[in-house]
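Residue numbers (my numbering), protein chains in the order written: chain A, 1 to 312; chain B, 1 to 478; chain C, 1 to 308.
These are calculated hints, taken from the structure and not from any lab test. Check the hints yourself; a few may be wrong.
Over the 10 Å line for every Cβ pair with chain C, so calculated as not near, a few chain A residues [to be verified]:
1. Trp-10
2. Val-11
3. Phe-12
4. Gly-30
5. Ile-36
6. Val-96
7. Gly-100
8. Ala-151
9. Gln-157
10. Ser-172
11. Asp-206
Computed list of lysine-lysine pairs in BS3-like fashion (alpha-carbon distance at most 27 Å, straight line) [claimed, not checked]:
12. B/Lys-125 - C/Lys-188
13. B/Lys-125 - B/Lys-190
14. B/Lys-67 - B/Lys-229
15. B/Lys-110 - C/Lys-188
16. B/Lys-413 - B/Lys-467
17. A/Lys-82 - C/Lys-277
18. B/Lys-467 - B/Lys-229
19. B/Lys-279 - B/Lys-413
20. B/Lys-223 - B/Lys-467
21. B/Lys-115 - B/Lys-125
22. B/Lys-115 - C/Lys-188
23. B/Lys-220 - B/Lys-467
Only some residues are given here: those of chain B computed to face chain A with a beta carbon under 8 Å [unchecked claim]:
24. Ser-313
25. Phe-314
26. Asp-322
27. Leu-347
No residue lacks a Cβ here, since even glycine has one placed at the ideal position from N, Cα and C.
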Amino acid sequence: MIGKLLRQPWVFSFGAAIAVWLATIAYTGGQGAGAILTAAFSFATFTIIVGLGQMMVITTGPGNVDLSIPATITLSGVVAMKVMDEDSGRMLIGIVAALGAASLVGVFNYGLIRLLRIPPIIATLSSSFLVLSTAISYGRGIRIKPPEPLAEFATMQILGIPIMAFAVLAVSIGMALVLSRTVYGRSVLAVGQNSRAAWLAGLNVDRTRFLTYVLSAILAGVCGILLSGFSRGAALNMGEEFLLASIATVVIGGTSVAGGRANVPGIWGAALFMYLLVTMLNTFGASAGIRLILTGLMIIGVIVAAGGEEQR
Amino acid sequence: MSEQAIRLDGVEKSFGAVRALAGVDLTVATGECLGLVGHNGAGKSTLMHVLSGNLTPSAGTLSIAGKPYDRLWTAAAAQAEGVRCVFQELSLCPNLTVAENVRIVHRSLKGFGWKGRAHALIRQKLDEIFPNHGISPDDEIAGLAIGQRQMAEIARAFTLTDGRLRLVILDEPTSSLDAVTAQQLLAYVKKETARGTAIILISHLLGEILTTADRILVMKDGKTVADRKAADFTRNSLVAAMGSEAREHTRGVAKNSTAEVMVRAQPRSGGSASLEARKGEIIGLTGLAGHGQTRMLLQIYERRQAEVKGALSFIAGDRQSDGVFNLWSIGRNITTRSLAALRKGGLIDLAAEQRLAEDWKQRMAIRTPDVNNNILTLSGGNQQKALFARALASDAAIILMDDPMRGVDIGTKQEVYAMIGAEAEKGRTFIWYTTEIEELTHCDRAYVFRNGAIVAALGSDELTEEKVLQASFAEHAA
Amino acid sequence: MNRRFLRQALPFLTLAVVLAATFYVQPRTMSYFGLNLMLQYAVPIALATIAQMFIITVNDLDLSIGPFVGLVSCIGATLLLDNPLLGILALLVLIAAYGAVGALIHIRNLPSIVVTLGLSFVWLGIAVLILPSPGGKAPVWLKALMGVQTPWVPFPIIAAIVIGVVVHLALMLSSYGVIARGAGGNPKALTRAGWSMLRTKVVMYMLAGFFGVLSGLALLGLTTSGDAHVADRYTLYSIAGVILGGGEFIGGRVSPLGAVVGALTLALAGSFLIFLKISPDWQIGAQGAILIIVLALRALVSYGEQKR
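So here's chain A without its partners, still in its complex pose (with noise of 0.2 Å):
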């Protein structure tokens, strides 16, 4: 029993985690250990979001990847705020505009990859180009605030673990049972596997494709609404640090790059332990520049300790 919990690949990645919790707090002599954990649940459930959604587009076969995360995080954000107006009334319709144009992100994706045959990574990449424009020249000017409601969802704690990270949990939750239970979840694990296969398994391959890359730019716009209430605001560069750290957590989580298999509780090991890598090497004092070396390090790591898979 215990050997086969040992072999799950998220185990890893939250054992990390929490050793990396217990050495930061050791250097600190106990101090702050329940702020480090708050601090970590309210950051790292960003990329937990869009890390879902990479994981699902990832999942579903070599090759397949969406840069595009960070610029629909920034429309959805912008657009969140644009049209809520501060207005707390407005809130429901500016969630529906915000996630509205992400998925038209996601529609845009999956059309430049198959009418146009682009390879996802440079139709995605070029997709994230014009998106950030359009974000950009549509947010530019007024700073505005999020309506409050919104704002305090999003920072809200209740016994010293943000509220945001339930919700997230009720959504990583939604998506396994979407992985284990729904004809589109085990579509995906099929056509990652072998496309051919499940296509000839009479599964839909096209369509299943389609609604995954629409699925990762809805759940970036999500994690837009959230971040612009958490930071009080939509900036232009908000979604810049989500593009690396979508794939690291993915990665990291122990889903396979040759799609098929996913992992959803690895990605919640896995944000969890590169923000408390940042925290821990924050608190012994080391420079920005380790940190990034370290990171560097632990994502070949564990791929190289993974291995490939066999060609097919």
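Keeping the supplied structure of chain A fixed, place chains B and C upon it in accordance with the hints.
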């Protein structure tokens, strides 16, 4: 006067449960053209891969010029000893030009002026083998038609920079060539053998073999069944040699042929004949491998220019590339086609899924202690059974089978045949592409394919090996 | 044959169109000074694009080239300046490291995207350790080299042409280049013919590292001080440049001249958009649009080609 160029003794090779080569002897003399013929699964390709150093046999010795070769016979070793091969899957780099592809096999073509030398080399050879070929050494492979690519690769095999050419293996070299270029190649084969090069020619066009080869080796089921001078054979005796004792076995009473037509389709790849499958029938697709049968199945699956009544299900023959989901359990592999039906309130009912998997594990007699184990824990035959279960467990009325019993042990085969028969009794329709003539005895009717078209429709009383071979190898004016 | 020519000519046509459009909108750029100004960063971008091209030739992708170029600029502004021998040694070690990464990727059959993603953090981290904020000074000879005023035709253009031609000769016309490109086109055929895929990959990765070093030094000569983040955009530029230049991710199909032209086009597009009075907000979007349009055109041409 003529010495042995290359000799294989007692070569054996098995792939899992399948004995591809069961002790084969082969000798080619210098300056001799050896024709190699046989039906599907005879072992010709496997033997050639052993000869070219791509496959290591489990038993057997190889001798060059009469002396046994005691080191490991690898592809590099074969190259060094002057053995070249042109297989059906061409090994050209599509992004390079013809001349650049020549460079790849000749290490000495380097340094200043290599391109000029490569140009001259391949142009001279192309002119020699295929006059009026119309190929420029600067043509990119991807831009050439398949016939021209084959010409380029064949010519490349005969180019020489250093060393000598001992043996050239040509595996179905005329498959993409038109009649004129095919004749040019055969004429060149005669010319090259006169120079002392040994050539092995594999072809399903018996006319080619009879006119070009000096000796003919007939293979069947991994063994040599005949090895005589070409002059001693006729078309008919060759075909007879490939077959075995006539075996009578029908499906019992001829099926009532007034049942509703489930599928009617004409192959897009050629010919004017079309196939028809009625409810409850088991229709066989046969002929030489790769002559359009799989394409036909896929055409029906895609419902392109085909009348299809009812849901379709596909059972792949190549488990790894078309069928099995390696990361999933046996159960999940079985239920893939039935997921929509297993839903309750939008979500898949896991208990029902488990029941379905268990049910079919029992019905197909899949040997495993737990249906939740990973699929790769099953033997090859049982994996194939799981793929069968996937198709049969679904709501499909018509089951398309792409040579699914290839490489499966005889015990499993018998169990599956029984299952197919039982399901057909219940009203399911099967369209079954098989490369083994024996399996046709389980069919009601069969269509023989040749060059992408249906050339014969055989009723249940005509499903004999002899008739199938005749139709497969028939060469008639178009 | 006609379509193949069209496919190869597309990058040059695109450049010509962007150039013509720029001159039309702002005739004053049609001068030595104007061209020099618009294209001054073309050289480091072109070198980085060539580096990326080597990786793409063997069916991989390098997401770390941007930070690598930044790292080189930092080393150049500090180590190379103070202790030239040590500086050169450091750069050589970096090139060897690139080769080691290539070997690792081949031996363990790793996805290059993930490995180079991690590598990008490592390069950035080292650069930030050396120069936490922009500083240092470019060696005098570098500044002089990059500031050369060539007669008639601006230096960046000459340099770009030279780079393109040299790499073209090496990759497209030499006998070894055939092997490298064949490795991308049909690795199995190459192994069957007795060539080592491992050696080929290591060589290509080391060439990428070498050109990455050249790019960093060239950039340093222009910016005159080192900065870890100076070339962050170069990763995306280099990929876009190779693709714009007619290259493909898989299949060993690349064009050195096209890659250089693609890099020039991207460098030019930025200025063009400024002259078009397109608000700076849309500049980055316009680059994305250009990429999409060119790829759409390529898809149309290929689709016609496939109908054979």
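So, going through the hints one by one against the coordinates:
1. Consistency note on A/Trp-10: stated as away from chain C, and its beta-carbon is indeed over 10 Å from all of that chain's, at 18 Å minimum.
2. Its beta-carbon lying about 20 Å from the closest one in chain C, A/Val-11 satisfies the requirement of being farther than 10 Å from that chain.
3. Residue placement check: A/Phe-12 keeps its beta carbon more than 10 Å from all beta carbons of chain C (closest about 16 Å).
4. Every Cβ of chain C is farther than 10 Å from the Cβ of A/Gly-30; the closest lies at roughly 30 Å, confirming the non-interface assignment.
5. For A/Ile-36, the condition that its CB be more than 10 Å from all CB atoms of chain C holds, with the nearest at approximately 22 Å.
6. Distance to chain C confirms A/Val-96 as a non-interface residue, since its nearest Cβ pair spans about 24 Å, more than 10 Å.
7. At roughly 19 Å, the least C-beta separation between A/Gly-100 and chain C is larger than 10 Å, which holds for a residue marked as non-interface.
8. The Cβ of A/Ala-151 sits about 26 Å from the closest Cβ of chain C, beyond the 10 Å cut-off, so the non-interface label holds.
9. Every CB of chain C lies more than 10 Å from the CB of A/Gln-157, the least distance being 31 Å, so the non-interface label holds.
10. With a cut of 10 Å on Cβ distances, A/Ser-172 stays outside the contact zone with chain C, its closest approach being about 22 Å.
11. Non-interface call for A/Asp-206 relative to chain C: holds, since the shortest CB-CB distance, roughly 17 Å, exceeds 10 Å.
12. As the CA atoms of B/Lys-125 and C/Lys-188 are separated by approximately 25 Å, the hinted pair is consistent with the 27 Å bound.
13. This hinted pair checks out: B/Lys-125 and B/Lys-190 have alpha carbons roughly 15 Å apart, not beyond 27 Å.
14. Distance restraint check for B/Lys-67 and B/Lys-229: the Cα-Cα separation of roughly 24 Å lies within the 27 Å cut-off, and the hinted pair is therefore satisfied.
15. The straight-line distance between the Cα atoms of B/Lys-110 and C/Lys-188 is roughly 21 Å, inside the 27 Å bound, and the hint therefore holds.
16. Note on B/Lys-413 and B/Lys-467: the hinted pairing holds, with a Cα-Cα distance of about 24 Å set against a maximum of 27 Å.
17. Between A/Lys-82 and C/Lys-277, the direct Cα distance comes to roughly 25 Å. Compliance with the 27 Å bound is thereby established for this hinted pair.
18. Between B/Lys-467 and B/Lys-229, the direct Cα distance comes to roughly 26 Å. Compliance with the 27 Å bound is thereby established for this hinted pair.
19. For the given pair, B/Lys-279 sits about 23 Å from B/Lys-413 by alpha-carbon distance, which is consistent with the 27 Å threshold.
20. For a cut-off of 27 Å, the pair hint linking B/Lys-223 to B/Lys-467 stands: about 22 Å separates their Cα positions.
21. Distance hint between B/Lys-115 and B/Lys-125 is fulfilled; the C-alpha atoms sit about 15 Å from each other, no more than 27 Å.
22. Straight-line distance between C-alpha atoms of B/Lys-115 and C/Lys-188 comes to about 23 Å, which keeps the hinted pair within the 27 Å bound.
23. For the hint pairing B/Lys-220 with B/Lys-467, the CA-to-CA distance comes to about 17 Å; that is within 27 Å, so the pair holds.
24. Hint on B/Ser-313 holds. Least Cβ distance to chain A is approximately 7 Å, under the 8 Å limit.
25. Restraint check, B/Phe-314 versus chain A: the minimum CB separation of about 4 Å is within 8 Å; hint holds.
26. Among the interface hints, the one on B/Asp-322 holds; its C-beta lies about 5 Å from the nearest C-beta in chain A, closer than the 8 Å criterion.
27. Contact between B/Leu-347 and chain A, as hinted, is supported at the beta carbon level, the nearest pair being about 4 Å apart and thus within 8 Å.
This entry satisfies every hint, going by the numbered hints stated previously.
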